[in-house]
Amino acid sequence: MKRRDFLKRTAPAALLPFTIGGFGVRAYARTPLLDALTASAVDTDRVLVLVQMNGGNDGLNTVIPLDQYSSYNAARTNIAIAENQILKLTNATGIHPQMTGIKTMYDEQKVRVVQSVGYPNPDFSHFRSTDIWLTASDYDQYISTGWLGRYLQEEFPGFPAGYPNAQMPDPLAIQIGSTISTALETDVANMGMAFSDPTSFYNIVNGTGNDPAPDTNAGNELDYIRQVGQQIQLFATPVRNAANKAANKSKLYPAARQNVLADQLAIVAKLISGGLKTRIYIVNIGGFDTHANQNSGGNGTPVPHGTLLGQVSVAIQAFQDDLRLLGLEDRVVGMTFSEFGRRIKSNSSAGTDHGAAAPLVVFGTNVIPGILGANPIIPANPTPNDNLPMQFDFRAVYASLLKDWFGTPDSELQKVLFRNFPILPIIKGTSSGVESERGESAVITLGAAYPNPVRSTTRIPFSIGGGHTELSIFDSEGRRVATLIDRTLPAGTHEATFDATELPPGSYYCRLQSGAVSRMGQVVVVR
Amino acid sequence: MNRRTFLAGVSPGKLASLLHRSSAGNATGQSYRVSSGLEPYTGAWGYQQSAHLLRRAMFGVRKQELDTVQGMTLSAVVDLLLQPGPTPPPPPDYNDANGSTAWSTAAYNSSRDNAFLAFTLSWWSGLMLSQEISLREKMTLFWHNHFVSSWVSVKDSRYMYRQNALFRQHALGNFKELAKQVTLDPAMLRYLNGNTNKKGTPNENYARELQELFTIGKGPEIAPGNYTNYTEDDIKAAARVLTGYSDDTGAITHKFTAANHDSGNKTFSANYGGKVITGRNNASGAMAELDELLEMIFGQDATALYICRKLYRWFVYYQIDAATEQNMIVPMAQLLRSNNFDVAPVLRALFSSAHFYDPANIGCMIKNPVDLVIGTLRLFTFPDLNPDKLNLKYFGLRTLRRTMAAMQADLMGHPNVAGWPAYWQEPVYHRAWINADTLQKRVKFTNDLATDGYKLDEGYATLLIDPMELASFISDPSDVSKLIDETAALLFPNPITQRQHDQIKAVLLPGLPDYEWTVEWEEYQNEPTNESKKKAVAGKLSAMLKYMLAMAEYQLS
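From first to last, the protein sequence lines are chains A and B. So for the first sequence, the numbering used here puts the first residue at 83; every next one is plus one. So for the second sequence, the numbering used here puts the first residue at 1136; every next one is plus one.
There's no promise every hint is true.
[Unchecked claim] DMTMM-like, lysine to aspartate or glutamate: derived pairs with alpha carbons at most 25 Å apart:
1) B:K1353 - A:D222
2) B:K1579 - A:D269
3) B:K1579 - A:D222
4) B:K1371 - A:E584
5) B:K1333 - B:E1367
6) A:K497 - B:E1561
7) B:K1576 - A:D279
[Stated by the list, open to error] Derived Cβ-Cβ restraints for the label pairs, each shown as a range:
8) B:G1399 - A:G529: 40 to 48 Å
9) B:P1522 - A:N326: 50 to 58 Å
10) B:G1409 - A:T583: 52 to 60 Å
[As the list claims (entries may be wrong)] Short, incomplete list of chain A residues facing chain B, as computed with Cβ under 7 Å:
11) A276
12) F277
13) S278
14) S430
15) I567
Treat the hints as calculated values from the structure; they're not laboratory data. We treat Cβ as the ideally placed atom computed from N, Cα and C, and that holds for glycine.
The shape of chain A in the complex, shown without the other chains (with noise of 0.2 Å):
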């Protein structure tokens, strides 16, 4: 790990003393930083748990925009959440009334929520969007490894030649289950190691024969068989140890085989306690692909949504609970994500289908707590096709958690990620963090588009705090179909002017990014 450069990134965090978006400055007391000072270099190695959802995360049924209940319950009313059921979260916004667990957190200051995350010209095909979601690559390029493989191969170069070793005896990356994700894979090998029972491992050795494989497919296929058998050797005791010396202490996990995402949680938390020096860890549940009967379970959807949301929800509040009772609390952080959200508009069965933005979760005590970003904004009277448009890109997210949560520097970012993304105020006792919740964000306005509706140019006035900006018009689908600004304005107040001659008459969206802070605005086209 290349602390000094995260000692770097995280120093003038903790110094600073000041209100984070409305919460004290005592959260600071025990920061990153201290930790790394404090403590033993081996034990305060962070961890990031990532929560796949797979099926794509219903959002607004996730994170319901009570500021525009009517809207949003005329918009789905056969599966809307009754308004007096939902959880609320702030007076604007509210959650899913069986997530109980996050809403504990949220209150515990535990939980980030992350509004409207996607990418431009969302993709509807689950197995398209995923690997977009996992390599982290644009709508129309086509990347065959993932964001963490890319990650940890900046992070421990060479790899797998010459480890494990005295700094890193343990996997890089570890996924619970039978399945290896794609997030993991690099150019050379999948950085990662999947298995469902780390207290079992079988050994197997034999039959190499010492004898190189043949130069063909053939031998190919050999050398990649031979090389998982050797990697369960080479790993299997350091994990098996790690599960064996830990036990979970939370009450809160239901009984084993109840809750698929809590099973692995707990296991995971067994292996951070057991001393494991694993950085990431991925998680899955299934099941969030609900074209029909989304409230009621059946026919085409086997569990309801709420029942997963709950389970979700559950898993995450015990896993949270277990590392307090483990200490070890501070040193782990988890996110949510599923590869898109659904349409605004249920169908006529009773569910949604394929669709673009969606919030997400950040979890852990490092989290700055609070919701990011603005409600979604529901149109009066969506068509079936119409989408919620990002206010955060998925890579904005992912550089935030690598620069402020693992120390990345920005030239090992660029690397990972292809290029800059605004880092978000997610992780606590960050510069990113601090800066941006500052009162930054109180000067970046969006004015009105003038005129409004528009038949051919409009002009769109903003103001900003200085810095990189990008202002672009969305479609009501979520495709970005103008970028108007992509480069560093002074401060001060602009105008951009929107030509909307040649794009067919409906209602657009404007996004303006700046630094880490987004604002929406919407804009009719008529002719």
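Got chain A; can you put chain B on it based on the hints?
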């Protein structure tokens, strides 16, 4: 790294370097393609080639089957493989004492549906296990993995059974006709929500997957919403064509409701030549619209190419480079189209081609869990898998199915509509079957069968390979070299090296000269009823077999 020295002298210090994905060999690297194509194979036709054919076309190969085909020509063996055989009787109610009732034809009791699913899966596993020399079961599984439906969404085992029977019926039949039948299949109507796709409120789920995964395939996005072969608007138009169908829960068939059918005209993009399907308002009219939709999709070159690539990855190898595309995929697709989408001529050409028997394509396929589990059990005779009592047979077959599921091939329980990642997930493809978790399960399975005991559900029996059956396969089991080499030829697609041969011998005869085996074997032959003499050789044979089954080579086909 020099591949020639790659695995030589594995010391602990070197172990780490083994984790390297070989620079020349990963799925993004170079391949070892040769230029052979679909032209007929004219080379040697011997044991290795016929074993290669049967292993790929079936689930593993039995010694008896190899003996059967040794005197036959390649063309005669392919003829045999293309015989679908008689339609099997439907799955029994394994709890029925006399075993005469098929649950699928008896009165349906929905509270037993979980059991019916388990019965269906045991029945299916049994069909694979008892397969004759035929492509039928491997193609049935192919279609199951192509037109995916999962019980957890369909929630009715009658539907799942009928869909499975549909795949078997059309296993070697016509792809276009099967696509039509699948579109109307009640399980698929449920699984991809075709049953809620109505005029005015379309559900585009099936229309999307029909194009993205089942027929034409999704190409690169060349403009927003334009996936080369079709567009987002084409999905919407196709969804409108498909409105009005639902599943009839009584007859377990599709049902058409004219009021739910969108009778407006459907206009497709330039990708489909701007085709307009005239809307119609009755059942026969809607069916004609469906036919037109499929004609339109199947009329595109991309559709035949797409399914031929998938067949190629199912039967040959996952890498399709430019030469393979040109020499195999394109001519296979031409053959498919010129035969109006009958698959048998394409399979015949594939299994008779120079490319299929090219040494580069022998042994390069990682076995899927069905190949591994069913294929291993087919190698030997296990009376306990054919017990007198039906319920015991059920337990036995259920165990196999669960073993396959643990290795990530969960029949009727696909993780999603794309099917197993091994056949689509770039760049890893077949390698997706093998990771630290599944490889352990695979080796534990063969270890159990060889020496440790493979326990069947409910503790009714434990399977162990009879090592004397292995010996019976060998021309002269008293000869150590023949024992090792002939076992290797049965288990592995390619010959082993001398050093591997020596290592296996060291397991059989640790530190002893070859003749010691001959002596012990002959002593047993002279006194076959002497338990201690039998155990002496049997134990050694089992250890050898266990060792060989745990070699990486055994994971390849």
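For each hint, the structure was consulted:
1. The suggested pairing of K1353 (chain B) with D222 (chain A) holds, with an alpha-carbon distance near 13 Å, which does not exceed 25 Å.
2. Distance check on the hinted pair: K1579 (chain B) and D269 (chain A) sit about 30 Å apart at the alpha-carbon level, beyond 25 Å; violated.
3. With a CA separation close to 43 Å, the supplied pair K1579 (chain B) and D222 (chain A) exceeds the 25 Å bound.
4. Between K1371 (chain B) and E584 (chain A) the CA atoms are separated by roughly 23 Å; this keeps the pair inside 25 Å, and the hint holds.
5. Proximity of K1333 (chain B) to E1367 (chain B) is assessed by CA-CA distance (about 18 Å); at most 25 Å being required, the pair is judged to hold.
6. Simply put, K497 (chain A) and E1561 (chain B) have alpha-carbon atoms about 21 Å apart, close enough for the 25 Å limit, and the pair holds.
7. For the given pair, K1576 (chain B) sits about 11 Å from D279 (chain A) by alpha-carbon distance, which is consistent with the 25 Å threshold.
8. In this structure, G1399 (chain B) and G529 (chain A) meet the distance hint of 40 to 48 Å, their C-beta atoms being roughly 42 Å apart.
9. At roughly 40 Å, the beta carbons of P1522 (chain B) and N326 (chain A) sit outside the given window of 50 to 58 Å.
10. Roughly 26 Å separates the CB atoms of G1409 (chain B) and T583 (chain A), a value that falls outside the hinted 52 to 60 Å.
11. A cut of 7 Å between beta carbons decides the hint on A276 (chain A): the least distance to chain B is about 5 Å, and the hint holds.
12. Contact between F277 (chain A) and chain B, as hinted, is supported at the beta carbon level, the nearest pair being about 4 Å apart and thus within 7 Å.
13. Restraint check, S278 (chain A) versus chain B: the minimum CB separation of about 5 Å is within 7 Å; hint holds.
14. Look at S430 (chain A): its Cβ gets to within about 3 Å of chain B, closer than 7 Å, so that hint holds up.
15. Because the smallest distance between the Cβ of I567 (chain A) and any Cβ of chain B comes to about 21 Å, over 7 Å, the interface hint for this residue is violated.
Checked against the numbered hints given earlier, the structure breaks hints 2, 3, 9, 10 and 15 and satisfies all the rest.
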